[in-house]
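Chain B: place on chain A using the hints.
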Amino acid sequence: MLSFLAARQTGLDDPIRFRRAESTRRVLNLELNSDRDVAQIHGNGVNTLDIEVIEGRYMLSGGSDGVIAIYDLENNSKKPQYTCKAICTVGRSSRHVHKFSVETVQWYPHDTGMFVSSSFDKTMKVWDTETLKPAEVFQFEGNVYCHHMSPIARKHSLVAVGTKDPKVQLCDLKSGSRIHILQGHRGEILSVRWSPRYENILATASSDSRVRIWDVRRASGSLFTLDQYNGDKSKASSEAVNTAHNGRVNGLCFTGDGLYLLTTGTDDRMRLWNSASGENTLVNYGKVSNESRKGLKFTVSRGCSPEFVFVPCDSSVAVYALHTGELVTMLRGHYNNVDCCEFHSDYQELYSGGKDCNILAWVPVVRHADVEDEKATSARGGTQSVANPAFEDAWSSSDED
Amino acid sequence: MDQTKRDKLSELVEELTTSGEPQLNEGKMKEVKKICKTSNEYIEHFYHLIMTQLNQEHAEIRLSAFQMASELFSRSHHFRVLLVTNLQEFLELTVETDIEQPLPPPKEVARKLKSLAIQTVQSWYATYGEAYKKLSLGYNFLKQVKKVDFHDVEARTLAERKRQEEKQKRLERIYKEKLEKAKQEMEEMVPEIERCLTEMNNCLTLVLPDDFNFCSLDPPPANQEAVSTPFFQDRRNSSGSCDNEQPCCSKELTNNRDDKMAEVKEGEEETKAEEEAEEESSEEESETEEVLDEDSFIRSTGLISHNYHLDLDISLDLKLKETEENEAVMNNLKDLHRLISTNHITAVQSWIQIFTKVGVEEELLRRAIDLKKSLQSALQKHEDMHIDYKHRDRRVMKVSEDGEEDDEDFEEVPEKEGFEPHIPDHLRAEYGLDPLPSTSTSAVGPNPVKPVVKPPTLPSAPTVSRLKRRMLDEEQDPTCAAATLRVLKQRMCSEGSLSESGDPALSGDSGSKDSKKNQEAPVIPFGLDIYYWGQEQPTAGKIIKYSSQHQFWVPNEVEEEVENKELSAQMKSRYITFAGRFQPVQHKCRAPMPNGSLCERQDRVKCPFHGPIIPRDELGRPTNPEDAARLEREEWKRREEQPDWRDPELMRDIEAATGEDLGSSRKFGKGNKGKGKKKKYPNLTDLKQKANTAHSRLEKKVFNKSSMRRVAEVLNKMDKRKHEKFSNQFNYALK
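Heads up: the protein sequence lines correspond to chains A and B, in order. Per numbering that gives the first Met the number 0, the first sequence starts with residue 0, numbered consecutively. Per numbering that gives the first Met the number 0, the second sequence starts with residue 0, numbered consecutively.
The shape of chain A in the complex, shown without the other chains:
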């Protein structure tokens, strides 16, 4: 760290390099910390989380009980211990609450005054954050599994919606109507994602085990379908042609730069694709346990090198190196399946929600002083042990004989 600082001071290094190194280090030190709590609002599993990018301060959460909560993540108390409070909720008492499980929530990418939520009650609601009332309600024929707004779109304000219907719906927030459908899938749409690089590029994943990439300006069909065998027909059985996984594909995630696309499927695999060519990069992540019948929300880090993938894996969150596929660590803390995780790129914090109703904050642990100043460590260690007697060993003297 000192060398980095020195290099930075002398101007030898790019500022971004130092930032990357530090954030990578922080990501590697993610840990469940008693300093950070998230208030428990949901009486049932937490399905989805979203942190807004403008201030990086507010987090949305949607639960299986239909409740939506907004948390304030910023710690203004000047103490290390902080519990993220829910500043407002759309609770069960609200008139506008979703009847059934909320599957996806997303902030409007350009302003915190609006967010969109979709639910198994076959609706998607556009909410006004101030009044917590829906400004617009879209009604669909089937359960809504997912929706997504392009994080970079300036020319359109389309929401791609995946429902039980195999057609992907595009809703225009400007007109408040469903303006377009994308046909091609044969199963329910479990995940949709806009490319963070090109505003018209959309990826959709379906239970027919295919992933299609669309250009929404093109009406005729998808650009291409991701093929796990990269077009090698000899390996694929006839029905496995052009499939991304051998089971339902239930998770999609673009990397921060939009160059790669990650998919997860119920075949317990995660695959990394070149999003421009649709080529399978064949990175082996090993087994990523995945039994979800619904969409799985996972995320990648931003501003680290190498980048990391945070993917729910049963009751823990697995952290993989993106390009090597190496399992870095497992974040264990949930007591039931984890459904979603969200990375806070400003503070390198991870929030994860699971079926055990908890939202856990994974915070980088503060790095201990180096070995050089032993005095400080010993003093510190001493104080720590005094501060927290629970960390002491308690071997009774009777054990000695």
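Be aware that a few hints might be false.
As the list claims (entries may be wrong) - BS3-like mimics (lysine-lysine), calculated; alpha carbons at most 30 Å apart, straight line:
{"id": "1", "chain 1": "A", "residue 1": "Lys98", "chain 2": "B", "residue 2": "Lys145"}
{"id": "2", "chain 1": "A", "residue 1": "Lys84", "chain 2": "B", "residue 2": "Lys132"}
{"id": "3", "chain 1": "A", "residue 1": "Lys98", "chain 2": "B", "residue 2": "Lys142"}
{"id": "4", "chain 1": "B", "residue 1": "Lys142", "chain 2": "A", "residue 2": "Lys78"}
What the hints assert, rightly or not - Just some of the chain A residues that point at chain B, by a computed CB distance under 10 Å:
{"id": "5", "residue": "Ser33"}
{"id": "6", "residue": "Asp34"}
{"id": "7", "residue": "Asp36"}
{"id": "8", "residue": "Gln39"}
{"id": "9", "residue": "Gly42"}
{"id": "10", "residue": "Asn43"}
{"id": "11", "residue": "Ser314"}
{"id": "12", "residue": "Ser315"}
{"id": "13", "residue": "Arg331"}
{"id": "14", "residue": "Gly332"}
{"id": "15", "residue": "His333"}
{"id": "16", "residue": "Lys354"}
{"id": "17", "residue": "Cys356"}
{"id": "18", "residue": "Leu359"}
Just so you know, the hints here were simulated from the structure itself, not pulled from any lab data. Note that the structure is predicted; figures quoted are calculated from it, not measured. All C-beta atoms, glycine included, are put in the ideal place defined by N, C-alpha and C.
What follows is chain B alone, placed relative to chain A:
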């Protein structure tokens, strides 16, 4: 890290977890702690060991592992960190947080483990909750999501509580129904039972008047041995004013003043004496005396003092015999006894069971219990009587036969059959004969002596079978053909002997030789060979053959006769099958069997299970050393040559798949070791042991392979038959 210590630790953990005991062995646990204390590395190793043991599908192993974990948890920070990081798995394995991973059997231990785990987690939370984030998360998870009530002793989750309640309710309903039924039944049955009881009591009193309750409801055990021990001790005072005394075989003289006991017993005894006549007890107090003063007492009895210690033996071994007089009562008694012991007692018992289970009002229960007591006492009384019933079926027959009164007027007369040549003297008048005429009244024919000689043997030999007797009778009966035949025979005989004796020159020597030969010669069945004995048979074995069937045309050379060797041989030969006499086998195989007994098979040469039968001692060991050596060799050979399909690995796989014991755990050969878990951890409860219920037994019968195959065969056959029947119809043919 010391390898030996590490190994020791592993060993200790395994020993402790597989002990199967509810509490850990203190000494061993202390050792574990001692090792763990030295370094964190051991703690890590210990943690991994514990987690593997917790993953075992056996509640006892898990319980012990959990106890060890909780021991270390309170001591080592490092262990706490390790455990808390993986707390969700730990909870899954101990508190059953995952529904899909229920705690393994045995159930009782699993329940204990769960409640213990919940209590422990709570205490952990109380002490370490603040310090370990995940621990508090886990606690909250249990509390809020799993809705575990930590104050509930049973440590049940909400769903379990609900289930329990429902079960309770259902049980209650069932009990209620049962109770109602029992009550009703009781209402109906009680009068009958009471009637039965009184009847029985009456019968008993009729049979054996029992005024003092000698055969009391529950005689003290000492009374059973009353034969040998002094039962009644009669102590009386010389100057006592008691008026009737029975001095009797006195044994001891005592000066004690009488106490109450004696008084009571005395009274009993006296009254008893009057009625005890029919009992075969050894009392000899036949005469009761009025004694007014000592002198007269002495004079009349020859006994000096009044102070006697009187020992009376009253045998309670009553033995009642069913006789003609008490027959009706006995019959009744027997019926009642049977009724009570089979019907009433069981019914009452079941009522009591139901009442105690449901918790009914005391009144009812007491009534039932009283009823049971009285029934039991009645049975006991009956038991004490030792009634000797006559054999029942004979009894019934006799009753029906003797039923008519006038039968008794007739005298039993031995059955008469056939001709009676011998008439007893005193019956002659009845027959209308003169007293003692010549015995030859019945004898007709030239030989008057013989029939007279024979008859006396007749009655004296009752063993002579009836048929024979009848034949003899007939022969003696002059009206029968048999008699004539006999006469003729006799005549023939006498003639034969006459000729023999009359012509000694001709047959003197050879005759006797012939008869000797005749005696020796075997009797064989007559056959063709005998018919042609010593002759040449020209036609024997010749078959005339007509090769041409034509009426006129005859082939040139005709060999008309063909000699069949076989046939001709048959004419001359005779088959005699030699069958020896059957001799039952006396010896037994006597090879030792796995159940400890000796083989009981009686084969002549070779036992199908134990090979050739050889002499063995009483333990089944062969007596000849060479035999023993040979057996040993064979045994080795057999073990070595286990067939391929009995590969222990494969067998074990199959066993695991089917759950049937094929015997893979038995040791085969030298190299293989039985690796059964049972052997490994004998202390644990065996999970594989199936409950021996009616269901499982039936299952074994119904679903065993051969029976299934049989059923399948029959079904197939039925199918086939249908198929064959309609095979010429295209739609059946297609199938």
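Hint-by-hint comparison with the structure:
1. Straight-line distance between C-alpha atoms of A/Lys98 and B/Lys145 comes to about 24 Å, which keeps the hinted pair within the 30 Å bound.
2. Under the criterion of a C-alpha separation no larger than 30 Å, the hint pairing A/Lys84 with B/Lys132 is consistent with the structure, at around 18 Å.
3. In summary, the hint linking A/Lys98 to B/Lys142 is supported, as the alpha carbons are separated by about 26 Å, within the 30 Å threshold.
4. Restraint check: the Cα-Cα separation between B/Lys142 and A/Lys78 comes to about 29 Å, which is no more than 30 Å; the hinted pair holds.
5. For A/Ser33, the interface hint holds, the least distance from its beta-carbon to any beta-carbon of chain B being 4 Å, beneath 10 Å.
6. Annotation: interface hint on A/Asp34 holds; nearest CB of chain B at approximately 9 Å, less than 10 Å.
7. Annotation: A/Asp36 was flagged as interfacial toward chain B, and the flag holds, the nearest CB pair being 8 Å apart, inside 10 Å.
8. Interface restraint check for A/Gln39: the shortest CB-CB distance to chain B comes to about 8 Å, inside 10 Å, so the restraint holds.
9. Because the smallest distance between the Cβ of A/Gly42 and any Cβ of chain B comes to about 8 Å, under 10 Å, the interface hint for this residue holds.
10. Here the hint on A/Asn43 is kept, as its CB sits about 9 Å from the closest CB of chain B, short of 10 Å.
11. Interface restraint check for A/Ser314: the shortest CB-CB distance to chain B comes to about 5 Å, inside 10 Å, so the restraint holds.
12. Given hint, A/Ser315 at the interface with chain B, holds; its Cβ is 8 Å from that chain's nearest Cβ, closer than 10 Å.
13. Proximity of A/Arg331 to chain B holds as hinted, the smallest CB-CB distance being about 6 Å (cut-off 10 Å).
14. The restraint placing A/Gly332 at the interface with chain B holds, with a minimum CB-CB distance near 6 Å, inside the 10 Å limit.
15. Annotation: A/His333 was flagged as interfacial toward chain B, and the flag holds, the nearest CB pair being 7 Å apart, inside 10 Å.
16. Interface restraint check: A/Lys354 against chain B, minimum CB-CB distance 8 Å, threshold 10 Å, status holds.
17. The criterion of a C-beta within 10 Å of any C-beta in chain B is met by A/Cys356, whose closest approach is roughly 6 Å, and the hint holds.
18. For A/Leu359, the shortest C-beta to C-beta distance to chain B is roughly 7 Å, which falls under 10 Å, so the interface hint holds.
Every hint from the earlier list agrees with this structure, and none is contradicted.
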